[in-house]
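Model the placement of chains B, C, D, E and F on the given structure of chain A, informed by the hints.
Protein chains: 6
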Amino acid sequence: MDPAQAEAELAKGFSTIEVIRPDRSEGVYQVWLNRPSRRNALSLDFFSELPRALSLLDCIPSARVIVLSGRGPHFCSGIEVSALVATVPSEPADVATRSESLRRKILVLQDSISAVEKCRKPVIVAVHGACVGGGVDLIAACDIRCCEQGAFFQVKEVDLGLAADLGTLQRLPAIVGFGNAIELALTARRLYAAEAKQMGLISRVFSSPEDLEKGALQIARDLAEKSAVAIMGTKAAMLKSRDLTVQQGLEHIATWNSAMLMSSDLEEAVKASLEKRKPVFFSKL
Amino acid sequence: MDPAQAEAELAKGFSTIEVIRPDRSEGVYQVWLNRPSRRNALSLDFFSELPRALSLLDCIPSARVIVLSGRGPHFCSGIEVSALVATVPSEPADVATRSESLRRKILVLQDSISAVEKCRKPVIVAVHGACVGGGVDLIAACDIRCCEQGAFFQVKEVDLGLAADLGTLQRLPAIVGFGNAIELALTARRLYAAEAKQMGLISRVFSSPEDLEKGALQIARDLAEKSAVAIMGTKAAMLKSRDLTVQQGLEHIATWNSAMLMSSDLEEAVKASLEKRKPVFFSKL
Amino acid sequence: MDPAQAEAELAKGFSTIEVIRPDRSEGVYQVWLNRPSRRNALSLDFFSELPRALSLLDCIPSARVIVLSGRGPHFCSGIEVSALVATVPSEPADVATRSESLRRKILVLQDSISAVEKCRKPVIVAVHGACVGGGVDLIAACDIRCCEQGAFFQVKEVDLGLAADLGTLQRLPAIVGFGNAIELALTARRLYAAEAKQMGLISRVFSSPEDLEKGALQIARDLAEKSAVAIMGTKAAMLKSRDLTVQQGLEHIATWNSAMLMSSDLEEAVKASLEKRKPVFFSKL
Amino acid sequence: MDPAQAEAELAKGFSTIEVIRPDRSEGVYQVWLNRPSRRNALSLDFFSELPRALSLLDCIPSARVIVLSGRGPHFCSGIEVSALVATVPSEPADVATRSESLRRKILVLQDSISAVEKCRKPVIVAVHGACVGGGVDLIAACDIRCCEQGAFFQVKEVDLGLAADLGTLQRLPAIVGFGNAIELALTARRLYAAEAKQMGLISRVFSSPEDLEKGALQIARDLAEKSAVAIMGTKAAMLKSRDLTVQQGLEHIATWNSAMLMSSDLEEAVKASLEKRKPVFFSKL
Amino acid sequence: MDPAQAEAELAKGFSTIEVIRPDRSEGVYQVWLNRPSRRNALSLDFFSELPRALSLLDCIPSARVIVLSGRGPHFCSGIEVSALVATVPSEPADVATRSESLRRKILVLQDSISAVEKCRKPVIVAVHGACVGGGVDLIAACDIRCCEQGAFFQVKEVDLGLAADLGTLQRLPAIVGFGNAIELALTARRLYAAEAKQMGLISRVFSSPEDLEKGALQIARDLAEKSAVAIMGTKAAMLKSRDLTVQQGLEHIATWNSAMLMSSDLEEAVKASLEKRKPVFFSKL
Amino acid sequence: MDPAQAEAELAKGFSTIEVIRPDRSEGVYQVWLNRPSRRNALSLDFFSELPRALSLLDCIPSARVIVLSGRGPHFCSGIEVSALVATVPSEPADVATRSESLRRKILVLQDSISAVEKCRKPVIVAVHGACVGGGVDLIAACDIRCCEQGAFFQVKEVDLGLAADLGTLQRLPAIVGFGNAIELALTARRLYAAEAKQMGLISRVFSSPEDLEKGALQIARDLAEKSAVAIMGTKAAMLKSRDLTVQQGLEHIATWNSAMLMSSDLEEAVKASLEKRKPVFFSKL
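Chains as they are written, first to last, in the working numbering: chain A, 1 to 285; chain B, 1 to 285; chain C, 1 to 285; chain D, 1 to 285; chain E, 1 to 285; chain F, 1 to 285.
Hint data in this document are derived by calculation from the structure and do not stem from the laboratory.
Possibly wrong hints are sitting among the right ones.
[Stated by the list, open to error] Now the stretches of chain D that chain E is said to cover, found in silico as 3 or more residues with beta-carbon under 8 Å:
#	segment
1	135-145
2	168-179
3	218-231
4	246-256
[Unchecked claim] Simulated crosslink set (SDA-like; lysine to any residue; CA at most 20 Å straight-line):
#	chain 1	residue 1	chain 2	residue 2
5	E	K105	B	C59
6	F	K105	C	M1
7	D	K105	A	A6
8	D	K197	D	E210
9	E	K118	C	Q247
10	B	K271	E	D94
[Claimed, not checked] With the Cβ distance kept under 10 Å, some of the chain D side facing chain B (calculated, not the full set):
#	residue
11	K240
12	D243
13	A259
14	M260
15	M262
The beta carbon of each residue, even a glycine, is placed where N, CA and C say it ideally should be.
One chain only, chain A, in its complex shape (with noise of 0.2 Å):
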């Protein structure tokens, strides 16, 4: 699709996410979860349109860096009871038909999620009071988590009777460590900012929701004057070495690079730095 489509297909609007363009933010756009009032608890809706959203900013050469942020007193209070009950097929089916149908619909969710992570630009998320069950899945997969200072994290599923099946299980560990994760995965406790910052799950934390909110938007600007094709190639090459040996990772980047490096922007870079200006970046993506 091209830009100017995608920005007039954006301008229409969603129901439960917001997409604008902060003030002075040159190539950055926010994504707001968008239902306070239900401390944006995921819905239904919100699984097509996040997705939606996403792949049209990633259309967008003038997005460079995307800051996900909820409206409201809490980030996000999880995924929304009728969606999960719209989940469960009703009774009369068969089992095996059921449990399809089902198995599909779990992987049009996780799917949803995971168009955090094949979006090729940067997602920078900000969490504010609770980050709970969906919520959680949701930011791992971001690429830089930061948080304000009263905020705090609940893998919950448990609590549901269910496993978690939305990417936390799977995105944690790495993030966290494998014990640190089973352990917040099976008590189901409240995971205060502090601590998740010694764990490695928050970046940075900030005092008040105010200061993150600045705080996340200007480590967003920072991004988006950096190189399109650098800050998109590492994000590309984390995320495709997480599944790889160290050997196949290697060999990836270096196939990667083997077209990236003929970039202009390596030259800007190299002009700039024995010019002692600071380089002005042009590849867009």
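Here is chains B, C, D, E and F on its own, set in the frame of chain A:
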């Protein structure tokens, strides 16, 4: 094996461990390393009794959570030298035959430790005093690790002139990070409780052995009140995902949950949540 | 190559590094990055000299542990711009030919860094001052990382308009966690000693460059006194297990130890332990 | 999408393919490559229409089996040169940007071919005349391959100065063996029906295009009478197991069947077998 | 277990199989499927007796090769319907509990078949008449497959309304190619001896059941005269390599052979070759 | 190394092989196993000369295809007994040290064989007479295998009392199927040309050694006229994909082609096709 048979087998007792039901702990069983005079050194008998005990507990639906503790002043002083020596075959045979025999014996010991992961119920380990060599192999296979502040951990195998082969080198990197793991394994230095917590090896540090005992049982009781289907599914999914790519892990839990979400526990959890009461889960495994 | 030949080769010296035997350190060799005027920038010569030096040391049984340090005020300022530019082929040829050539050059540089892992003896790195870009690629391949409190680390490649391709993106996630790694790689921010320790990148922080020098050598001397078979087997098993499932890693070390446990070092360790004396290990590799 | 909607969408037709229900073939749909004047060369439109058609058929329970055939004298002459040229970006942009754009376009074309595997229903392909280049990529993703005795196959990409990138190099080795696959891909030679059968590329060779048409439909009708849950599970399990170890594949199908065996189709099959009658399966997917 | 104990256990006999030492066949044991009146249908008893017999044979060094045959007119008619029905839990419990129970039962049956691979000694299977459903799962796990010209094979599970879950779908693709395997599994058609040989499923086709019996035992006697260390190492290396990359498989066999090459069998083979006589191997496993 | 240097090095000659440019074969080099009096047994010198020769040829752009043949009446009688004996360390040292040394020697021999795969240019092997033991390891690493009708193949290692460790057990299953491979490796039987062709080990059988010689060179000349970028990319992609999932392999070739499709060879191929003339490719690697 049916539950009554398994209970009867358990009742016969063991020589190196003791299995009890702690007072007032519905659903919780405790396995004691029970050779305090040998600082709970792991003997050949232990390596056959532990997997048998866990396999029996796995057949008893009312055993929902297992706590592993050590009698006497130390949790575990590692593999007993006599067991180690018994493993290495004596001279006469040719090198190839001895080597093949040795390899099979190591695989048997490894399987004994891996029985902790194979057990569907979560295993909480409570470490006090020393946890050395084979003791670290053992706790690395547990699901939740607690200790008291006087506890220390030592990957001591290099000091015996060998590379650890019961799981520490394989499981520790995912728990504490690759850099920490290799440093501990090469230097064989003592790791104390506070740093162990900071590295992610330990989830909770208690201030005394008594508090540890109480605390570990309390965590166990909390888990025992949760949905068995949810707890077991969470453990299974995380262990399975450890060996798969993220995408394969997601597909696995989707297939798993395609049946498990048709559980009456989910229904009960949703109902209880609407009725603002504590859920009472029914699933028994 | 036999040890005497390897010693003779080493004695010829190198242009970008210096290899010495520090006083009174039986079994310890030290490799110095030795271009202090260029802040030890990694030149094309370095990329061929490092693997040659390590390969020679690997042939010398009395080299049991290697310490890697940097001369001058900084450990390493990263890949030299001239080396980077030399890598990228000049215009005339068609894009495919240039790309293929570029890819092969990257693979050569990667292999140079991976030589640290290929070396059977443990490599301890001591970082002071700046460790930037290619410097981080280098230390990520080492076995034990120490630094002094003024040291800082920077995954700086995005600021050169490229994705790091010498191993940082592949090795860092297993060391500091995936979340920390991607944040460091995207923001290119400085990571100081204390946070580096907390993340698991660094095992020990010393209070000054002098203490660092002494401390790193002391760790090396301690390792040099341990069983060579045990130390080398531990390094090999952990690197191999990194790319296997836990079960496959267990099977690998069982196969390995099926021969290695027939070592006289194990016998000596057991004897020494019974006789309550320090063991003297014989294995030489 | 619900079945009626999907049927309506299908009814709107396509420009490069035609989807029909062959006479008297309950449960069978046929997709025709429908540009005989271009020898069914694969155009950009085709690459978007094929996955859409398959995805619609996947939503229609009465579409139990799909037959893929080509109109005109040849099955498929490969990717259309104009599509290939459109893929390669024109000069102006810098190499890195062009390369990244090219990579994304290739991924889209690959996904189009992989849609055949993603479709849960089995796809039987019937090849007559030439099947060249992209045509081989396409049939390698199908489940059952038949041809008439005049058919031939050619992995022709090297003759276009490129390595095949739509799946042949990845899927062919598992089908015909690694040695046969690499020989075919390097030499670009023609492989005729008899040798194709002998190599395992083709399951059935018919003596004429007419017999092929009848024969492929007959196989399809036979599959359509079988249990949908069983057929789909078999396709899914084999594709999933292809990327897992044997042990992981076994565990996957055990998890899958833990729900699917509670199907009424199994009950019906057992009953029918006892009553010595043909079963009538109910599952609809 | 020591060899004498194992022999004594074997001597107690089994209800579904018979284990004998065929006349004049030093080192060869034969396991007969022994329910000819049920066409050797695989009952629950069989699934527990087969792994026990193989495990006992594995403890007896004089059992160097195992031949698996079927009594009566057919090799095996597949899993017994009553066993299948016993696997599927009856109604009362909730779906999740039933599903979890079912999954565990399938895993037990799978392990029973996999016991053929776990047995260190080679297993030669001799198929006459029908080999259907579970029979194909069984032979796919054997090492060498022979048949007589009247034999046929049928992956019949889809006709029972289910996807095969005892190993056929996982093991067959590596044996006959992915294309042949999926066609056989989807169509459930009969595969006769000649085509089975051509596909690589069968190594040798004999002209009658009598010749098959003689021929299979002759192959077994030939293997029994070879070096036990070599034969067992070959089986182990190939099964292990199946789940590794080529490079990992090479490293595995290098580690394995680092002990095994110090065998006296190699010495004897070299000596015998120089002395132009038949070697007499000593290794016993 | 630059081409002229490489040519000069090649001109110095080898003791176990001979490298020539056959008459009138633009772009083709031929490597002869050149110890006919020893039936081309593989000596330690061979294991160091082969990888050196291939590495030199890899630096010479005019060497586009390599043909590997054997002088004298047989292609190769396997690893020389003296080389094998030299590998196994003599008595004095302790078992662990000998084992570690042995392991490293095996890895070196393996790397020598793997050099055939590491060479970017395709290697066609022409087998006449016997190809036994190490000879099979060697040809299994080649890209295209031809033979004359009197040739035979024998995985003979078990008859030497050992499991093959130079690649046969790892590479053969993908070429001839797992069942055929394990049968050949366990029985050590002779496999003759016709069956070798039928199994997929051999691509072409010629009627005499003379025809084989001519035929192999003709295939080589045909490949030499094709685009170097395309041929090398095809070999690289297939070898890489062998160790990846299909999806990962697709992603790899997409990344690779993102640069390679900007080749002038593709342009030339398209132009030549429109102008109905033979393309003349320019890429040189």
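Taking the hints in turn, this is what the structure says about them:
no., hint, in the structure
1, 135-145, "holds (count 3)"
2, 168-179, "holds (count 5)"
3, 218-231, "holds (count 8)"
4, 246-256, "holds (count 9)"
5, K105(E) / C59(B), "holds (13 Å)"
6, K105(F) / M1(C), "holds (12 Å)"
7, K105(D) / A6(A), "holds (18 Å)"
8, K197(D) / E210(D), "holds (19 Å)"
9, K118(E) / Q247(C), "holds (15 Å)"
10, K271(B) / D94(E), "holds (17 Å)"
11, K240, "holds (7 Å)"
12, D243, "holds (7 Å)"
13, A259, "holds (4 Å)"
14, M260, "holds (9 Å)"
15, M262, "holds (8 Å)"
Violation of the numbered hints given earlier is absent; every hint is satisfied by the structure.
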